[in-house]
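Colleague: Line order of the protein sequences matches chains H and D.
Quick note: to get our numbering, add 4 to the position in the first sequence (first position is 1).
Quick note: to get our numbering, add 155 to the position in the second sequence (first position is 1).
Among the hints, a few may not be true.
As the list claims (entries may be wrong) - For lysine to aspartate or glutamate, the following DMTMM-like pairs were computed, each having C-alpha atoms within a straight-line distance of at most 25 Å:
id, chain 1, residue 1, chain 2, residue 2
1, H, K86, H, E155
2, H, K135, D, E280
3, D, K306, H, E57
Unchecked claim - From the structure, some residues in chain H lie toward chain D, with a derived Cβ separation under 8 Å:
id, residue
4, L56
5, T81
6, G91
7, Y100
8, I104
Claimed, not checked - Away from chain H, derived, C-beta distances all over 10 Å, residues of chain D:
id, residue
9, E158
10, L198
11, F212
12, F221
13, G245
14, L368
What the hints contain is simulated information worked out from the structure, not anything from laboratory work.
Treat the numbers as computed from the prediction; the structure is a model and nothing was measured.
Idealized CB from N, CA, C, for every residue including glycine.
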Amino acid sequence: MPKLKVRNISKSFGPIRALKDVNFEAEDTGITSVVGVSGAGKTTLLRLIAGLETPSSGEILLDGRLEKEVNLRKRTTMVFQKTVMFGSTAYDNLAYGLRIRHLSEEEIRRRVEDVLKVVRMDGYERRIARKLSGGEQQRISLARALILRPEILLLDEPTANLDLGNAGIIESVLRETASQKQIVLATHNLAQAKRLAAKVVHLAEGFVAEEGPPEVLFQHPRDERTRRLINGEV
Amino acid sequence: MLEEISEGIINALRLILSGDPTVISITWRSLAVSGLATLLATLWAIPLAMIIALRSFRGKRLLKAFFNALLGIPTVVLGLILYLLFSRSGPLGLFHLLYTPLGISIGQSVLVAPIVISFGVSSIEATSSEVKDLAKTLGASDTQVSLKVAKEALGGVILSVVAAFNRAFAELGIAMMIGGNIANVTRVLTTSISLETAKGEIALSIALGIILLSIVFCLSLAVNLLRRS
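Just chain H, with the same shape it has in the complex (with noise of 0.2 Å):
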């Protein structure tokens, strides 16, 4: 697995600056979980090492290796937390990536069945993506990353605003996946950082307030913003 490393990264949206000189280091592999209230910066870093955007200033570094924005594409996936489905087939939106990576029919068809078990949602091929449920587009947008196999997994909130059975299931998915895939985990539910990461890093205004696993972090925090933040205070 590539170790991820932000090193520097500011991000300035015209007089607004979402991000300041945040550094830090993923876990090699497993979930390193980014917390912070909404506003944070969290869905900008994650945006920013998929390679959606580019950094006012600051390096992204694979392997100790600085990486561009399209090179950053190739070896990341990210899973957006608004669903976005394609106006096809559950099975069109998993092959899409694969199509244009030109694997054969055949493959995409194994990795397709391969990955809707994964997900739980076997024989949901043919239906219309966008006629599903809300929990099931993002199990199907969780699939759609999985199957392409990325190096890095980027998840922005992947279950706010999910029902607790599909929260359940992907979160289960998650820990499956985060034995073999480095991820990286945006959210603002402390419990779910608590139960998933390896390493959590707490994002306040931009800034990267405190890092560390999760057992110290959230039971004795250094930062009294991270101390307000577990306190549910901000």
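Chain H is fixed; fit chain D onto it per the hints.
Modeller: Below, chain D alone, put in the same frame as chain H:
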């Protein structure tokens, strides 16, 4: 008056059902002229809409505002400008487009291109903000991203083309000023309705009006049904 209208409707239905050759030839000419106009507009308006929607460049907002403003251009004003351009002493006089069906088609294509561009840009932009990022993160190249956005926005783009056809099909100013309403040459549904009403041929006017409305209505309905399915 009511009696006249009801009598006109009965006579109109008789003309339509009997397959009156005048009615049929005018209808076919209208379809051909406005169909060609829509095709000519679509050929350059859709690629331009894609560029405006998907690229970032200086003056983009101004360009969008310009095409939005053109949506409201009065057809008689456009007809007058084109008349001056196409007339024998005008800069395009050498092409002999005045009083020809092709002249009407070109004029209507200028009229309806802003519809394809404005509605097309809105549709592509609405789709692109989400689809663009998704396609990118799934590994698509810039060209593949554009193709995917175009495919996903297809329903909206088709609607814009249909709206453009309906506008061309139902307009009068350009057809009258550029076509001249010459029988069997440039006479189309709208110019015929205008002429026949002036002559007091209410039945024929109503028949042509029913045909015009039916075609516009059926086309819009078909596209909506197609989108739903």
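Colleague: What hint numbers does the structure not satisfy?
Modeller: none
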